[in-house]
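**Student:** In case you want the letters, here they are:
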Amino acid sequence: MDYATLLQVADSTVRLSVPLLLACLAGLYSERAGIFDIGLEGKMLMAAFTSAALAAVSGSVWIGLLAGIASSMLLAGLHGLASITFRGNQLISGVAINFLASGLTVVIAQAWFEQGGRTPSLQGAARFEPITLPLAETLQGVPVFGPLYAELISGQTALAYVGFAMVPLTWWLLFRTRFGLRLRAVGEAPEAVDTAGVSVIRMRFAAVAIAGVLCGLAGAYLATALQAGFVREMTAGRGFIALAALIFAKWRPWYALSATLLFGLLQAVALRFQNIDIGTFTVPVQFMDALPYILTVVILAGFVGKAIPPRAGGEPYVKER
Amino acid sequence: MTAPAIELNGISKAFGPVQANKDISIRVMPGTIHGIIGENGAGKSTLMSILCGFYKADAGEIFINGTLTPIPDSQAAIRAGIGMVFQHFKLVQNFSVLENIILGVEEGALLRPSLAKARKELQHLADEYELRVDPDALIQDLSVGHQQRVEILKALYRKAQILILDEPTGVLTPAEADQLFRILERLRAEGKTIILITHKLREIMHITDTVSVMRRGQMTDTVKTKDTNPQQLAEMMVGRKVLLRVDKAPAQPGANVLEVDNLRVTDDDGVDRLKGISLNVRAGEILGIAGVAGNGQSHLMQVLGGITPGTGTVLLNGQELDLTGKSSDGRSRRKRGIAHVPEDRQHEGLIMDFSAWENTVFGYDDDPAYQANALLMDNGAIRAETAAKMERFDVRPPDPQLAAKNFSGGNQQKIVLAREIERNPDLLLVGQPTRGVDIGAIEFIHKRLVELRDAGKAILLVSVELEEILSLSDRIAVMFDGQIMGERLPGETDEKELGLLMAGVREEAA
Amino acid sequence: MSKMPKWADIVLIPLINLMLAFALSALVILAIGEDPVEALILMVKGSFGSTYGWGYTLYYTTNFVFTGLAVAVAFHAALFNIGGEGQAQLGGLGVALICLYLPWPHWSLALLGAMLGAAAFGAAWAAIPAWLQAKRGSHVVITTIMFNFIAAALLNYVLVNLLRPPRAQDPSSAKFPEVTHLPTLHDILSPLGISFSKSAPANITLFLAIAACFGVWLLIWRTRFGYQLRAFGKSEPAAIYAGISPTRIIMITMLISGGLAGLMAVNNVMGEAEKLVLNATEGAGFIGIAVALMGRSHPFGVALAALLFGFLYQGGAELALWTDIPREMIVVIQALVILFTGALDNMLRMPLERVFLALRSEGK
Amino acid sequence: EPAVIFDLGGKFDKSFNEAAFNGAERWATETGGKYLEIEMQSEAQREQALRRFAETGANPIITTGFAMADPVAEVAPDYPDTKFVNIDGFLPEIPPNVQMIVFEEHQGSYLVGMLAAMKSANGTVGFVGGMDIPLIRHFACGYAQGAKAVNPDISIIANMTGTTPAAWNNPVKGGELAQAQIAQGADVIYAAAGGTGVGVLQAAADADILSIGVDSNQNHLHPGKVLTSMLKRVDVAVYKSMIAGDALETGSMQVLGLADDGVGYAVDENNEALLSEEMVAAAEGAKAKIIAGELDVVSYYANDSCPVLDF
Ligand SMILES: Nc1ncnc2c1ncn2[C@@H]1O[C@H](COP(=O)(O)OP(=O)(O)OP(=O)(O)O)[C@@H](O)[C@H]1O
Ligand SMILES: Nc1ncnc2c1ncn2[C@@H]1O[C@H](COP(=O)(O)OP(=O)(O)OP(=O)(O)O)[C@@H](O)[C@H]1O
Ligand SMILES: [Mg+2]
Ligand SMILES: [Mg+2]
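Residue numbers (our numbering), protein chains in the order written: chain A, 1 to 321; chain B, 1 to 510; chain C, 1 to 364; chain D, 1 to 311.
Hints listed in this document are in silico derivations from the structure and should not be mistaken for laboratory results. On a predicted model such as this, the values are computed, not experimentally measured, just so you know. Hints may be right or wrong, so weigh each one.
[To be verified] Simulated pairs of lysine to aspartate or glutamate, EDC-like, Cα-Cα distance not exceeding 20 Å:
{"id": "1", "chain 1": "A", "residue 1": "K319", "chain 2": "C", "residue 2": "E362"}
{"id": "2", "chain 1": "C", "residue 1": "K198", "chain 2": "D", "residue 2": "E93"}
{"id": "3", "chain 1": "D", "residue 1": "K34", "chain 2": "A", "residue 2": "E191"}
{"id": "4", "chain 1": "B", "residue 1": "K405", "chain 2": "C", "residue 2": "D9"}
{"id": "5", "chain 1": "D", "residue 1": "K34", "chain 2": "D", "residue 2": "E74"}
{"id": "6", "chain 1": "D", "residue 1": "K34", "chain 2": "C", "residue 2": "D324"}
{"id": "7", "chain 1": "A", "residue 1": "K319", "chain 2": "B", "residue 2": "D73"}
{"id": "8", "chain 1": "B", "residue 1": "K447", "chain 2": "B", "residue 2": "E467"}
{"id": "9", "chain 1": "C", "residue 1": "K135", "chain 2": "B", "residue 2": "D269"}
{"id": "10", "chain 1": "A", "residue 1": "K319", "chain 2": "B", "residue 2": "D399"}
{"id": "11", "chain 1": "C", "residue 1": "K234", "chain 2": "A", "residue 2": "E315"}
{"id": "12", "chain 1": "C", "residue 1": "K234", "chain 2": "B", "residue 2": "D166"}
{"id": "13", "chain 1": "B", "residue 1": "K22", "chain 2": "C", "residue 2": "E362"}
{"id": "14", "chain 1": "B", "residue 1": "K56", "chain 2": "A", "residue 2": "E191"}
{"id": "15", "chain 1": "C", "residue 1": "K175", "chain 2": "D", "residue 2": "D78"}
{"id": "16", "chain 1": "D", "residue 1": "K225", "chain 2": "A", "residue 2": "E129"}
{"id": "17", "chain 1": "C", "residue 1": "K6", "chain 2": "B", "residue 2": "D353"}
{"id": "18", "chain 1": "B", "residue 1": "K326", "chain 2": "B", "residue 2": "D268"}
{"id": "19", "chain 1": "C", "residue 1": "K198", "chain 2": "D", "residue 2": "E47"}
{"id": "20", "chain 1": "A", "residue 1": "K319", "chain 2": "B", "residue 2": "E467"}
{"id": "21", "chain 1": "B", "residue 1": "K326", "chain 2": "C", "residue 2": "E362"}
{"id": "22", "chain 1": "C", "residue 1": "K45", "chain 2": "D", "residue 2": "E55"}
{"id": "23", "chain 1": "C", "residue 1": "K175", "chain 2": "D", "residue 2": "E55"}
{"id": "24", "chain 1": "B", "residue 1": "K56", "chain 2": "C", "residue 2": "E353"}
{"id": "25", "chain 1": "B", "residue 1": "K159", "chain 2": "B", "residue 2": "D221"}
{"id": "26", "chain 1": "C", "residue 1": "K135", "chain 2": "B", "residue 2": "D73"}
{"id": "27", "chain 1": "C", "residue 1": "K198", "chain 2": "D", "residue 2": "E74"}
{"id": "28", "chain 1": "C", "residue 1": "K175", "chain 2": "D", "residue 2": "E1"}
{"id": "29", "chain 1": "C", "residue 1": "K6", "chain 2": "B", "residue 2": "D399"}
[What the hints assert, rightly or not] Computed footprint of chain A on chain D; a stretch qualifies when at least three of its residues, placed anywhere within it, have a C-beta under 8 Å from a C-beta of chain A:
{"id": "30", "region": "4 to 14"}
{"id": "31", "region": "177 to 186"}
{"id": "32", "region": "198 to 205"}
Think of the CB as a built atom: it goes at the ideal place given N, C-alpha and C, for glycine as much as any other residue.
Next up, chain A with everything else stripped away, as it sits in the complex (with noise of 0.2 Å):
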């Protein structure tokens, strides 16, 4: 393989990698706070639809982007209501999120746009366009790193630096500021939080709205930078590698971003090379689709490492049986 096709499989991977991270790292916030999140997958899907519908009535992305992160924070907001106010059980509020999306995007889309579930295809100004770093042309021609920083680091759209640069913005978010502390303390024992005087049902909206906007932003990602429009499940599972990546990044921010660059990588690559020859035999593009999730399950199995989540996640704060 040579340098030009590495930096174009790696190009691939990081735009891949983009919806997955973002959707991680909702996860993050959420599951940090104690609130399990297996709808992620709904609410990118919402906010894909969403963003490209509005992106494509406006014909302005920024509107799409603001009405793609609304849509996902509403069904956040469900998960709130129904896992922190009426201490519902998580997975199950999880999984009938996943179901409203993928029934409400195709259901709206039809009767709104009737082309068969998906929206108009955005062109122009209703579109991310990637972004030119300052240099890059002149760089091009340094050996190595210029077609590295030209073709890798710049040309990207806005939302996929925004979602690189949540990452150490949320380790310090997490883990230097009050906000973070409460929001740890929140999911690992939430009684504590609640004797030392601090709302426990306010972190966990708090954290359950952040994890809306981050799906906003992937699913928006999906549909107005790497796409141009939303199709039905445009998301395609997407939510649930990067449910695979939060436990293979053992809920860590910097983790999280190498599990979904590797997910990302694997895509990437199952994308670029259908079936891999690998001399005696070969790898079905099959199994690099179901690579994420079978390393997940190795992890989860704790054979390389276990994964511990948050101690109180998945329970409701009950103070009063």
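Fit chains B, C and D with the ligands to the given chain A structure using the hints.
**Tutor:** Relative to chain A, chains B, C and D with the ligands alone:
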């Protein structure tokens, strides 16, 4: 006259159908230590949780230093200068001590300055009250005693003027308890007000200025400590005269039923819980195990009951038991003739959502008598048997269809006992048989245990109630830190001597 | 003392929740400019108005009974098996192999063989998550989700590369031999003089599903294993105290659960398609969750809920044919049912409990 | 009342199914008639849809996509009075009330392959297929032959989107594949991938290179960026079947090629500027030769392989 530091007026609180607190009023003067006693479930913790804003009262008023102070949440309590050390600590296990201390009272949005300030302040408090803990240690690495210090430090760091401690000594060694009391005395000397909940009348007499008694959700009485005595307090607690001794004939011990040699248990965290226990129980004899909770009694019961694995040798009627857990569990122990009344009936002894009849075959469901055929259980037969058992054990109401959770604590315990005793085991393991059980039921349960002994069965009794140990046992072994400190005959010892052994003071030293 | 009478718990609350879900669905239908009343009439007519409609409704019901029972059995042991979809897909593979590669003399024997194959493959697919939960403490929810995806990839591979007949374009197996074709309700009922649509796919598996309901009921409430399973589900420490091995319960329960999910394949793969197609389960594994929740994990409730969803599915297909309401509307309804009966259950329960408490104290 | 069943991908896939939809719409507007329609959402629904329409008495029932062939064969004998049409499918034995319609896609693809090669500056052209099946290889093979005919040294990069019907509706993956081909130097990419092609065309337009649409005329999707579209007149086939109605001739397999205008390439105001006169002349020349039988475009089906392209 100064206003009381705390005045509660008509506090009531219900959890669904359970009235945990009923119209409670109480006054606590500043600079005093006020004790609260009462049976399990009397509502002590609930009342204190209301005072510190954890629960919200259904009705009633709270006055702090004479002014009406509504306490809708923990924040309000902290503002009012109230700090509480809960029965179950409220700490974040994988946070450091410092992080736990500042949680909720951080200075500004960034952590660094808060942590720096807390570190300095902690140093100061440590010097002043001899409350030393490593500020950077993770809570999960600290002993229970140190975790409690962190809880106290948390309260002091928040400038609490009123400190509430809920059963603080249950988890402490006597030495640690003594140190705690020294700290409390110093705090009192500084004018702070302290409320101390405990089951130990000795502690009440030792340190409090006034004491309140709760029974069934109500405040029955408040008296000056120096005007009362343990006997009177006990009577106030249960509502009638307490029977201190059980009527029983001298034991007629037979052959060894249980022989334990060098029994060791290491728990999942790698902590040694039993460090070479050796003891024996003979037929027709009750061996009582005394000790402060957490010194290995539970592990002894569990390893004998087949729940946790251990090493060493255990002989039952001369036959060795498998301790590895590979070919044995609770069920195979039962088949060998060991019955087990667990310490925690609500989490182990019973399935709270199961009906009484389902609970009376729990652990014995493979008994051929309960099978209708090769596939199905004979539920009719089980129900009939349960009805008979409930009759014999005076379980009220005698309704086999009622779910276990709908019986009161005493009656729940009778269901467990009926199940285990009526199996006519060679050896009965029984843990805390009367915890949270009212006095009438206690008498009944004690009588049944003695009857079983008199029928020539061996009984191993674990209880944190010294009185119960003294009155029921034919021999007493005292456990401390996973070891047997010594054995005594009930007639030849007293609470004082046992107390020293329980504190780990060896006879030579004593 | 419990806070509510039993009838309120098992009848009133699910009913109100269902009403809420339907009301919201009606709002969605209104919002997209259609008439919910007309839609309902169309759905009822389409699913119950003819033996053809009944045939499809019962066909779907059969699927959902199996997947619903699968989830329900696991629920009783406090295990949340989201993997019904993957297990049912693997069950389909089992059925296909049995039907394609073994020479069967008669459909009844083939049915027995296919049941074994379906249950064995479904159970095997549940066994790994079960083992990981029992031995390594890996949360069965996450592992079963992962196994759904792995199953999809596996089936994709098998159908495209192994089972697809030469020269065929569609990734599906060859047609099963004639002898393995199961009698449909038409075949069964016409000798009795009852005319039933010839073209509807409901088949003898329906009776298998009914038998499965009864079997599960016996298993859970009448057998020793069921007793132990429920005890484990209510309290793990108590089960250990009683000498009930958690590993054993988790393994056997998940095997039964996976086996039940797998059995669904007898209906859709052997009974309907008569070959293995991609995505043969059509999400029935997930609907099992809603069915189990609605049915309060009781086989009788599961049967009723499965019928409800069978109606939704057949009615929904009719909607898509005759109106502009897309088939995805069923997914929305399904989501709302799960949401209200599963996740938002307390929203209704809390105030109702208070009402009953007040009523009772007044009664005193 | 006729009925149309669209396969996975849906009638708005801008491509194959949409062509069928356009044909049906044309019939509806011209005759004022109404027709029943449904889009498949999953593999398992095909038979139910067929039966439902047959039960209601729809006639003829037109189905699109090879995957509908087997279900049609299954259902047709149960409804001898109903006529069924399948486009793109293959049946070893055609029931008397079924009409199969297929196209000579390799011929049309040959022409657009020529155009692509003539337009390519880099000497590299791309092909993105939908589901990896003989039909799509058939497309690719014709395309490659056309390209090689113009420039024997041209390099052709061919990728398939997937192995299941989901590959017809995965624009994200289509876009990624296109980007990969662009990175390898392709400057004209032909998408024969149903709804997935939308992503391919988008990626090509984004990268400012040319693409070629398929089945329907897709030139308008990115005016000036789509070189042409390989037309497969599914619309005509559907339209004609509907017009014929009860009189529809069945029991045979109808093959539509260049000669019948069943396939071709699209020229309209969106791409006029892209096609030079000599390009059109060359394509028209080849077309005439093919029709006359002077030029033989090898079919992938002939022996399940392509002489100029490896998969
Ligand atoms: N969170 C809760 N929800 C419902 N009921 C509760 C709750 N907490 C306590 N109760 C009930 O309230 C009653 C009083 O409990 P509380 O914990 O106050 O007793 P206590 O006197 O502290 O007992 P102990 O000595 O065992 O600590 C009991 O019947 C208990 O079951
Ligand atoms: N946490 C709880 N949840 C529901 N009901 C409870 C709870 N705790 C107690 N109850 C119910 O309240 C009633 C009184 O229970 P409680 O344990 O206070 O009885 P008690 O008077 O202390 O009797 P006993 O001395 O036998 O324990 C019982 O009917 C019991 O079922
Ligand atoms: Mg208490
Ligand atoms: Mg009690």
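**Student:** Would you mind marking each hint as holding or not holding in the structure?
**Tutor:** We went through each hint and held it up to the structure:
1. Using a Cα cut-off of 20 Å, the hinted pair K319/A and E362/C is violated, with the two alpha carbons roughly 27 Å apart.
2. The straight-line distance between the Cα atoms of K198/C and E93/D is roughly 23 Å, outside the 20 Å bound, and the hint therefore fails.
3. For the proposed pair K34/D and E191/A, the alpha carbon gap of about 65 Å is over 20 Å, so the pair is violated.
4. Pair hint K405/B plus D9/C holds up; C-alpha atoms about 17 Å apart against a cutoff of 20 Å.
5. At most 20 Å may separate the alpha-carbon atoms for a hinted pair to count; K34/D and E74/D exceed this at roughly 26 Å.
6. For the suggested pair K34/D and D324/C, the alpha carbons sit about 15 Å apart, so the restraint of at most 20 Å is met.
7. For a cut-off of 20 Å, the pair hint linking K319/A to D73/B stands: about 12 Å separates their Cα positions.
8. Pair hint K447/B plus E467/B holds up; C-alpha atoms about 15 Å apart against a cutoff of 20 Å.
9. The hinted pair formed by K135/C and D269/B meets the criterion: a straight-line CA distance of about 17 Å does not exceed 20 Å.
10. Distance restraint check for K319/A and D399/B: the Cα-Cα separation of roughly 31 Å exceeds the 20 Å cut-off, and the hinted pair is therefore not satisfied.
11. Restraint check: the Cα-Cα separation between K234/C and E315/A comes to about 16 Å, which is no more than 20 Å; the hinted pair holds.
12. Taken as a hint, the K234/C and D166/B pair is broken in the structure, with Cα atoms around 30 Å apart against an allowance of 20 Å.
13. Between the alpha carbons of K22/B and E362/C the distance comes to roughly 18 Å, so the proposed pair stays at or under 20 Å and holds.
14. Restraint check for K56/B and E191/A: satisfied, since their Cα atoms lie roughly 15 Å apart, inside the 20 Å limit.
15. The suggested pairing of K175/C with D78/D holds, with an alpha-carbon distance near 18 Å, which does not exceed 20 Å.
16. Simply put, K225/D and E129/A have alpha-carbon atoms about 17 Å apart, close enough for the 20 Å limit, and the pair holds.
17. About 13 Å separates the Cα atoms of K6/C and D353/B, which keeps this hinted pair within 20 Å; it holds.
18. A hinted pair counts as satisfied when its Cα atoms are at most 20 Å apart, and K326/B with D268/B qualifies at roughly 16 Å.
19. Taking the CA atoms of K198/C and E47/D, the gap is near 13 Å; set against the 20 Å cutoff, the hint holds.
20. Taking the CA atoms of K319/A and E467/B, the gap is near 34 Å; set against the 20 Å cutoff, the hint is violated.
21. Taking the CA atoms of K326/B and E362/C, the gap is about 56 Å. The hint is violated against a cut of 20 Å.
22. For the proposed pair K45/C and E55/D, the alpha carbon gap of about 14 Å is at most 20 Å, so the pair holds.
23. Only pairs whose Cα atoms come within 20 Å are accepted, and K175/C paired with E55/D is rejected, the gap being roughly 24 Å.
24. Pair hint K56/B plus E353/C holds up; C-alpha atoms about 19 Å apart against a cutoff of 20 Å.
25. The hinted pair formed by K159/B and D221/B fails the criterion: a straight-line CA distance of about 31 Å is larger than 20 Å.
26. For a cut-off of 20 Å, the pair hint linking K135/C to D73/B is broken: about 42 Å separates their Cα positions.
27. For the given pair, K198/C sits about 13 Å from E74/D by alpha-carbon distance, which is consistent with the 20 Å threshold.
28. For the suggested pair K175/C and E1/D, the alpha carbons sit about 31 Å apart, so the restraint of at most 20 Å is broken.
29. With a C-alpha separation of about 17 Å, the suggested pairing of K6/C with D399/B holds against the 20 Å cut-off.
30. Interface restraint, the region 4 to 14 of chain D with chain A: holds (4 residues with C-beta to C-beta distance below 8 Å; minimum three).
31. With 5 residues bearing a CB less than 8 Å from a CB of chain A, the region 177 to 186 of chain D meets the requirement of three and the coverage assertion stands.
32. Counting residues of the region 198 to 205 of chain D whose beta-carbon sits less than 8 Å from any beta-carbon of chain A gives 3, enough to reach three: the coverage restraint holds.
When held up to the earlier numbered hints, the structure conflicts with 1, 2, 3, 5, 10, 12, 20, 21, 23, 25, 26, 28 and fits the remainder.
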